[in-house]
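**Student:** For reference, the chains in residue letters:
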Amino acid sequence: MFTKDLIAASATPIVLSILSEGDSYGYAIIERVRQCSDGDLSWKDGMLYPILYRLEKKELIESYAGSSDAGRKRKYYRILNEGRQALETQRAHWRRLNQIINQLEAV
Amino acid sequence: MSASNQHLNELIDRWCEEHLGAVGSSVSEERLDELKDHLACVAEAQIEQGATAGDAMAYAAEQFGDAREVRDQLASTLPVFRRWLARIHCKSASVSPPQEKKTVLMSLVFAAVLLISAWLAKDSQSHAFISTVIIAVWVVLTSRQGGTREAARAEWRWLKRKLGF
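Just so you know, the protein sequences line up as chains P and C, in that order.
18 is the number of the first residue of the first sequence in this note's numbering; add one for each residue after it.
131 is the number of the first residue of the second sequence in this note's numbering; add one for each residue after it.
Treat the hints as calculated values from the structure; they're not laboratory data.
Bear in mind the structure is a predicted one, so any value in this text is a computation, not a measurement.
Errors might be hidden in some of the hints.
Here are the simulated DSSO-like cross-link-like pairs (lysine-lysine), alpha carbons at most 27 Å apart as the crow flies [said to hold, decoys possible]:
1) P/90 x C/292
2) C/166 x P/61
3) P/90 x C/290
Ranges of calculated distance between the beta carbons of each label pair, as one might list FRET restraints [what the hints assert, rightly or not]:
4) C/286 x P/119: 42 to 48 Å
5) C/239 x P/85: 45 to 51 Å
6) P/82 x C/294: 27 to 33 Å
7) P/121 x C/288: 20 to 26 Å
Don't be surprised by glycine CBs; every beta carbon is placed ideally from N, CA and C.
One chain only, chain P, in its complex shape (with noise of 0.2 Å):
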């Protein structure tokens, strides 16, 4: 449905939006992007981890080892406090172009 431009655009908010949820790990993470967009998002699983590893480096987010209920090693994710600005910011961006796209329709 969405453009691959507009998909890779808003990854990054959406993933930081997923973890201020709560801690989260890469299954759950594309599962939460399915559910909340009704599938429209159509996101490939192997796109997520270069977006968690680039925003694990940014120190954005960070990662701790767990494990699964089949005690299977599993890593998850939390959002840091520069991840939470970063999210403000971007979602003000989003909002901004939203109010312009919609100024512009309504002209």
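Take the given structure of chain P and dock chain C to it, following the hints.
**Tutor:** Chain C alone, transformed into the frame defined by chain P:
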């Protein structure tokens, strides 16, 4: 562990070997476990709905999509020397199959040229000059390849970071 789970784990290991290559065996276990956990979660959800381990893994791989970006990101976390070694073995993340063939071919040509020049210049006073010219030509040729240029840039950035620039 059930036979189905064991089979699924084998399929996941094989997928990692095929798609991550030398990078997969060089990155931290934690990173690799994370990808394996993801594939297992997707496949297990399919198995719960009645799929076989093979079909479930095929679905998980399809959902995962192109693994090259993940491989590139993982490769960039490797120390420079290990990344370089992975590149030499043509299994590096940033070297796509056509580039691998080109790199192997150029390596063979380079080795042949060095051997021939060594033989031709064995009695010459200018063998050091000839070797330098050949190496310079090689550097210029390889730097024209996209992957090599990107790797050089990444390594330059790494070096600058380490030196505190």
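**Student:** Does each hint hold? Answer for all of them.
**Tutor:** Hints, one by one, checked against the model:
no.	hint	verdict
1	P/90 x C/292	32 Å, violated
2	C/166 x P/61	16 Å, holds
3	P/90 x C/290	35 Å, violated
4	C/286 x P/119: 42 to 48 Å	45 Å, holds
5	C/239 x P/85: 45 to 51 Å	50 Å, holds
6	P/82 x C/294: 27 to 33 Å	31 Å, holds
7	P/121 x C/288: 20 to 26 Å	44 Å, violated
Checked against the numbered hints listed earlier, the structure breaks hints 1, 3, 7; every other hint is satisfied.
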